[in-house]
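Protein chains in written order, with my numbering: chain D, 1 to 200; chain C, 1 to 173.
Certain hints may be false.
[To be verified] These stretches of chain C come out as covered by chain D in the derived footprint (C-beta under 8 Å, 3 or more residues): (1) 54-61; (2) 70-76.
[Claimed, not checked] Only some residues are given here: those of chain C computed to face chain D with a beta carbon under 8 Å: (3) PRO49; (4) THR79; (5) SER80; (6) SER81; (7) LYS132; (8) GLY133; (9) GLY134.
[As the list claims (entries may be wrong)] Cβ pair distances, simulated, as ranges: (10) PHE38(D) - PRO76(C): 35 to 43 Å; (11) PRO37(D) - PRO76(C): 35 to 43 Å; (12) LEU104(C) - THR199(D): 44 to 52 Å; (13) ALA99(C) - ASP75(D): 30 to 38 Å; (14) ASP115(C) - THR183(D): 53 to 61 Å; (15) HIS131(C) - PRO127(D): 14 to 22 Å; (16) ASP75(C) - ALA49(D): 23 to 31 Å; (17) ASP115(C) - MET102(D): 44 to 52 Å.
To be clear, the hints were calculated from the coordinates, so they are not data collected in a lab. Note that CB positions come from ideal geometry on N, CA and C, so glycine has one too.
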Amino acid sequence: MTARRFRRMGGMARRKGFAALLLAAASIAPGCAGIDPFGDPVQDAERAALGPEDPNVPEGPLHRPGQPCAVCHRDGGEDPVFAFAGTVYRDPVEKVAVADAMVSLTDAAGRTFMTTTNCVGNFYVKPSEFPVTPPVWASVQRIEFPWEMESPIHREASCARCHYDPAGPASAGHLFVTDDETTFASIPTRACTAADGVTR
Amino acid sequence: MTSRVTALCVGLAAASASCIGIVGGESQHGELAAPPRAGFEQVADAMQPSCGTLDCHGQPDRNLRLYGGRGLRLDPAATSSDGTTSPAEYEANYWSVVALEPELLATVTREGGKDPERLMLIRKGRGTIRHKGGALMKPGDDLDECIVEWLEGEILADRCFAASRIGVDMPTP
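Extracted from the complex, chain D is given alone in its bound form (with noise of 0.2 Å):
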């Protein structure tokens, strides 16, 4: 065997040793709680900001309200991706979620896209159901006026990563439907149903 054959078997051994270690990092690669060790570190952090899930709400439309959803849903995420979604509350106030809220999005084509929260406040578009063209503007109707969003979103899928608690110099604060305090005390919430947390 030549010295050259020879160093050309022990690169062989080398790649095979690499993909037998790209193959064993990937199995215990977990999901979106875990940390991913190809990942990105930045969104690991992401993750693991969110804490634990609510172990008495089952994973679905109704679980982690008001959190970034994007965080996990997104592209190379859990499913469903999301396009947009976020937690709709009734004022600027207290965090007291509105069921069947109208969410509105029309994007910069003219296409308009309406959904409604649920009993938590909730609401999700997917991107086959509304595939976009940026900038795209939001508003939230539960009363006679919609709350119209005053800047567009471009690019963010997560209402929270702009709208968190409490409202500073990077957050304009959770979303609201209304700010008038005579008319939100009017704004029923409800109990949840079966349909709530069915995903589309």
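With the hints as your guide, set chain C onto chain D.
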């Protein structure tokens, strides 16, 4: 051999010192031309809804960091829902824009804004190079005209105002 290496080293050292001197002298002691600060508020307002939203350049980790009344706030006590851009934020936005490519911007400015696509600001905005936010303006539209004319030293108030309304007025379906 040793003397030739020594001579080469001395030559290289002298050359690099002279280069550093020129660059350092120009950037540290010379004045770089830039488009006007006066009236930039209108340009900043035009850029706010298309560039400066919280999900784009209204983030502190962007090289082009833009502040605004409905975006990232400079004052830690302010919120993104306040709605009014402060004088300090306009000032910060001006320096953020002119400091992107200062030498190149100086050249474009000295040449009266000619061939603005030399600037990444324009190429990114027009989407002629990779831009995660895509193409947000095209030659002749309000935002493009507002910025390009500012590079030429002029503020087109009506075009800048129209561009500032992009985030306010919903498109007609």
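So which hints don't hold here, by number, going up? Hints that this structure does not satisfy do not exist here, as all of them hold.
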